[in-house]
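Student: Here is how the chains run, residue by residue.
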Amino acid sequence: MGNPADFSSSNIPGNTGAADLVLTNGRIYTVDASNPWADAVAIRGGRFIAVGRAAEVASCIGAHTRVVDLNGRFAMPGLYDMHTHPDLALAPGYSGDLAIGLDDPTPEQVKQAVLDYAESHPGDGWIYGQYFVRYTFKQAGLVADREWLDSFMPDRPVAILDRSWGCMLVNSKALELAGINTDTTDPRHGYIERDSVTAEPTGILVDGAYAMIHATMPPTPQHALKRAYREGVQFQSGHGVVGTKYVHVCEHRLNALKSIDQAGELSVRVEAAISWQDDIFPVKRRWELLAGERHFYRSARLNANAVKFHFDGTHESRSSYLSSAWPGESSWRGHLNLTPEHITDMVVDMDRKGVRVIAHCTGDGASDLFLDAVAEARRRNGDSGVRHQCAHSTTLLDANLPRFAELQVTAEFSPVGWFPSSFANARAVFGEERMQRAYNFKGVLEAGGVAVMGTDWPVSSLNPWIGFEAMITRQNPFAEEEGSFYGKPISLEQAISVMTINGAWCMGIEGQAGSITVGKSADLIVLDRNLFDIAAKGNIHNTQVQLTLLEGEVTWDRLGEFDGTDYAAIWQGELPNF
Amino acid sequence: MNRRNSIPVTIVSGFLGAGKTTLLNRILSSDHGLRMAVMVNDFGAINIDSQLIVSQTQTTISLANGCICCTVESDLIEQLGRMLDNRENRPEYIVIEASGVSNPVKIANTLRYPQFRDVLSIDSILTVVDAAQFENLEGVMAQLAMEQLDAADIIVLNKIDQVRREQVDALRARWLYPKARLLEARHCEVPLELVLGVGRFNSDGKLKPAESRVPSHSLGITPARDHGAIFDTWCWSSDQPLSLKALRQTLAALPTDIYRAKGVCNIAEVPGQRCIMHLVGNRCEINPAEKWQGTAPFSQVIVIGKRGAIDAAAFQTAFEQCIA
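Just so you know, the protein sequences line up as chains C and V, in that order. Residues 1 to 578 (the UniProt record's numbering) are what the first sequence spells out, left to right. Residues 1 to 324 (the UniProt record's numbering) are what the second sequence spells out, left to right.
By construction, these hints were calculated from the structure, which means they are not laboratory data. As the structure is a computational prediction, the values presented were derived from the model and not from experiment. A couple of the hints might just be wrong.
Claimed, not checked - If you want a taste of the chain V side facing chain C, the calculated C-beta under 10 Å gives, among others: (1) S62; (2) A64; (3) V72; (4) S74; (5) E78; (6) D150; (7) T250; (8) I267; (9) V270; (10) N287.
All residues carry an ideal CB built from backbone N, CA and C; glycine is no exception.
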């Protein structure tokens with residue numbers, strides 16, 4: 001939340017005099033073209049007040065200035081991870097749900113586990129968890145259905161997942177609370193198992209039908225969300241991240257982020273994007289949040305002025321929406337979850353409200369339509385100053401490359417597919433011609449646009465250095481596979497810009513952060529290696545971040561350099577190992 | 001859409017090396033007279049006589065008998081959707097090979113999604129088991145095996161010639177659930193009419209005359225013996241309405257050497273409408289279908305089982321007791 005003493009407004013003169021902190025004797029790459037390299041920086045009130053030669057910066061040192069000798073270490077601006085999901089990766093495991101915890105529980109053991117859970121969690125709340133296995137019922141000559149659950153737990157809603165996640169078993173109370181009965185329409189990608197003659201639900205729900213139960217259940221508990229985000233920002237600070245986007249939030253997720261922020265533990269600037277759809281979790285206060293409730297969460301570190309939606313599908317399911325037919329198809333181009341009309345009206349309206357739209361577009365047809373929607377917003381609203389974001393951007397049409405600059409849209413890429421691995425190879429399904437322009441950082445950058453990266457955890461690692469290296473090499477950082485992946489690598493300097501100033505631009509703060517420049521927020525990381533002195537391949541992904549500073553605050557101090565001082569880090573010691 | 005026009009689907013599951021590919025090869029090259037799409041995991045393993053191949057691409061082989069063989073893509077939903085959209089060459093029967101390390105229930109669940117359930121119907125789920133290797137499974141693989149057996153309507157116990165009778169008995173005792181339907185086989189030689197809804201037991205709800213469209217030599221049995229010599233059929237009919245509950249109980253109680261039953265039923269709880277009954281192994285579905293429209297309501301059931309499995313008098317009594 002920041003210290004009230006640090007806030008300065010236009011008619012209150014700022015502090016004058018000495019720096020709070022000086023870092024000197026470093027090799028500091030600033031990402032500021034007018035002053036690319038420096039030896040030292042001086043920080044006061046969370047901002048850089050001097051960047052340059054050690055002798056010049058020394059003039060800022062006063063009696064109370066803390067001076068740290070970098071001993072020739074390499075430093076650069078902090079990193080920006082522009083698309084990730086710590087909540088989705090971690091919170092389900094932290095929820096304290098029923099865990100039967102046996103490999104092949106018999107029906108009797110499932111029953112006992114439910115009864116024990118009910119006893120230790122008294123009341124009338126949901127009993128939700130995993131797993132049962134259907135074959136043990138078959139072996140016992142029983143049928144896993146609502147009547148079986150009702151026979152010992154009729155009054156409390158129960159939902160148990162099958163071990164292979166093929167189905168969910170629920171009792172009659174759960175069906176009643178979820179409003180599932182003979183008249184209920186099936187969800188599209190799933191179904192409610194029914195008696196074939198009476199259409200009565202049997203208590204088995206398949207795939208997409210889980211969402212009907214989840215929408216009725218209480219949300220993921222706050223303690224689980226808080227722990228997930230807290231560990232997420234800890235890991236990110238420990239890897240040099242100073243700005244990030246948690247793409248997909250609801251009111252409960254925002255509450256969890258706000259409480260971490262208020263505790264002074266939000267060690268990364270977070271832009272949280274409200275989900276436009278209910279496909280991951282229900283967002284009951286979506287319209288209130290978008291109408292203005294989002295401002296309740298705003299602080300120096302947190303904002304919810306963004307919205308995220310899934311425009312098309314995925315590579316694996318051949319549902320990415322392409323500009324022409326998929327390889328081997330005469331007409332199939334993939335799938336759009338929402339119509340272009342819907343998206344156009346939405347982008348125009350959100351743009352007018354100052355809300356950034358982050359659109360999941362894996363296919364070059366989806367991003368083409370999304371850019372059209374942004375063009376329409378610009379035509380109707382003029383330049384709102386809101387930079388919308390094309391997420392994943394796996395393939396882009398060459399004709400669209402200049403439009404990122406023209407329309408002030410960020411092209412965001414996720415690293416999971418841009419170096420050779422069995423996973424990436426399996427996703428290289430767009431056909432040779434399209435794959436040649438996969439993850440086209442270079443094309444966007446050369447056309448004057450802004451490209452950024454997002455780890456998209458848990459799809460790939462939350463560690464941004466893996467994608468950082470592969471952006472430059474297009475090779476497997478762990479030497480698991482030989483050769484280079486499709487697409488053109490970019491230079492180290494370009495990659496550093498992608499990871500730093502471009503991220504700041506993508507968050508709309510490039511005037512205040514993203515490079516080591518006098519007047520900007522004092523965000524800086526100190527590394528165990530000089531990126532300019534090593535071969536990129538095999539040597540960037542395992543970079544150790546020794547210090548992370550955000551607004552002059554030490555968020556990570558690997559070696560305990562600030563122990564026992566006023567600058568003691570928020571996080572030190574061991575990082576969570578996910 | 002009318003379920004009677006839906007495309008029957010058979011899912012073949014089982015571990016690597018159990019004999020799935022042998023069975024799929026047999027299905028592909030037999031002369032069943034159907035435009036069949038056989039979706040396999042490993043193209044390379046399928047060994048089709050080159051003289052039968054009309055054309056071939058990286059992912060599809062077209063055969064002279066009208067069959068196509070294609071690879072299963074990572075997303076079955078999209079692949080099936082596209083197959084159904086292809087109006088000119090829409091298959092008349094689909095066989096899907098489940099990956100050796102997957103649970104076939106996931107595929108079965110997908111086929112029951114709203115977008116598919118009226119156009120695709122699950123005829124049968126077959127699990128091929130290597131009799132010699134099975135008892136050694138442990139841990140996760142044993143769990144997966146149980147899931148595959150659980151999903152199966154009919155279990156093909158293959159390589160039966162490589163094991164002793166006591167081993168088969170031990171396997172039954174350890175692995176099989178009550179009411180499991182088992183077909184013992186060498187080289188996956190099983191009568192296709194029994195495991196696929198082809199010929200007399202096709203899925204269009206009409207009962208065909210006794211002779212089969214399928215020459216017996218293509219069914220994996222010696223030409224000298226008609227499948228009628230191995231399997232018995234039994235028919236029952238009535239003009240009285242049947243009780244749904246009683247019919248379900250009777251069908252569930254059929255002995256384990258009854259493999260299939262098919263019928264048109266007049267169900268008391270569903271007046272005015274015919275119901276189609278489809279039983280494969282221990283899975284039975286009874287689905288309301290079109291109105292009787294002038295025809296006097298009736299029930300007609302045909303049952304097929306191992307030779308000697310049919311106790312006509314007992315069956316007669318059991319089905320008579322279904323009359324409401």
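Student: Next, verify each hint and record whether it holds.
Tutor: Taking the hints in turn, this is what the structure says about them:
1. S62: violated (14 Å)
2. A64: Violated. Min distance 22 Å.
3. V72: violated (13 Å)
4. S74: holds (5 Å)
5. E78: Holds: closest Cβ of chain C sits about 5 Å from V/E78, inside 10 Å.
6. D150: The hint holds - V/D150 has a Cβ within 10 Å of chain C, the shortest such distance being about 3 Å.
7. T250: violated (15 Å)
8. I267: holds (7 Å)
9. V270: holds (6 Å)
10. N287: holds (5 Å)
In this structure, the hints that do not hold are numbers 1, 2, 3, 7, in rising order.
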